[in-house]
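Using the sequences and the accompanying hints, generate a full structural model.
Under the UniProt record's numbering, the residues of the sequence shown are numbered 1 to 107, in order.
FYI, nobody ran anything at the bench for these hints, they're computed from the structure.
Treat the hints with care, since some could be wrong.
Below, in silico cross-link-like pairs of lysine to aspartate or glutamate (EDC-like), each with a Cα-Cα straight-line distance of 16 Å or less [said to hold, decoys possible]:
| # | residue 1 | residue 2 |
| --- | --- | --- |
| 1 | Lys60 | Glu97 |
| 2 | Lys31 | Glu61 |
| 3 | Lys24 | Glu46 |
Just the calculated beta-carbon pair ranges, DEER-fashion [what the hints assert, rightly or not]:
| # | residue 1 | residue 2 | range |
| --- | --- | --- | --- |
| 4 | Gly53 | Tyr6 | 21 to 29 Å |
| 5 | Ser104 | Gly68 | 31 to 39 Å |
| 6 | Leu101 | Lys60 | 17 to 25 Å |
None of these values were measured; they are calculated from a predicted model.
We put the CB at the ideal spot given by N, CA and C, even for glycine.
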Amino acid sequence: MGGIPYVLAGPTAAAGFLFGYPLKAGSAGSKILWVVSTPRNNAALEIQAQPSGSSEPLLKESRPADSGPGEIYPDGVAVPTAGCWHFSLQWATGHAELDLLYSSSSR
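Quick look at the structure:
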């Protein structure tokens, strides 16, 4: 049975539904719909991403709380290079972290 691939993050539960899997690096990026488990209270989702095990480059993005229904944030962070990227998510009532693997956009 087919479905949309997803990832789970914590410690505050969050899920990322992956549109365009496998994830691709580059300007086109891959779309992720973030769903958080606690109220967002009209606050933005603050996203930081960096290559796992490295502090550079550090990507920062803010997604407004303007989508519904529920506690969702559409996002299209475009990471510049293939590899494993560490994501930190912060919203009004929680935070979560996870690693995502991006492949080369030429594949």
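A quick look at each hint next to the structure:
Taken as a hint, the Lys60 and Glu97 pair is honoured in the structure, with Cα atoms around 14 Å apart against an allowance of 16 Å. Note on Lys31 and Glu61: the hinted pairing holds, with a Cα-Cα distance of about 14 Å set against a maximum of 16 Å. The hinted pair formed by Lys24 and Glu46 fails the criterion: a straight-line CA distance of about 21 Å is larger than 16 Å. Against the hinted window of 21 to 29 Å, the Cβ-Cβ separation of Gly53 and Tyr6 comes to about 24 Å, which satisfies the hint.
Evaluation of the 31 to 39 Å hint for Ser104 and Gly68 yields a pass: the beta carbon distance comes to about 35 Å. Taking 17 to 25 Å as the suggested C-beta distance range, the pair Leu101 and Lys60 conforms, at roughly 21 Å.
Consistency with the previously given hints fails for number 3 only.
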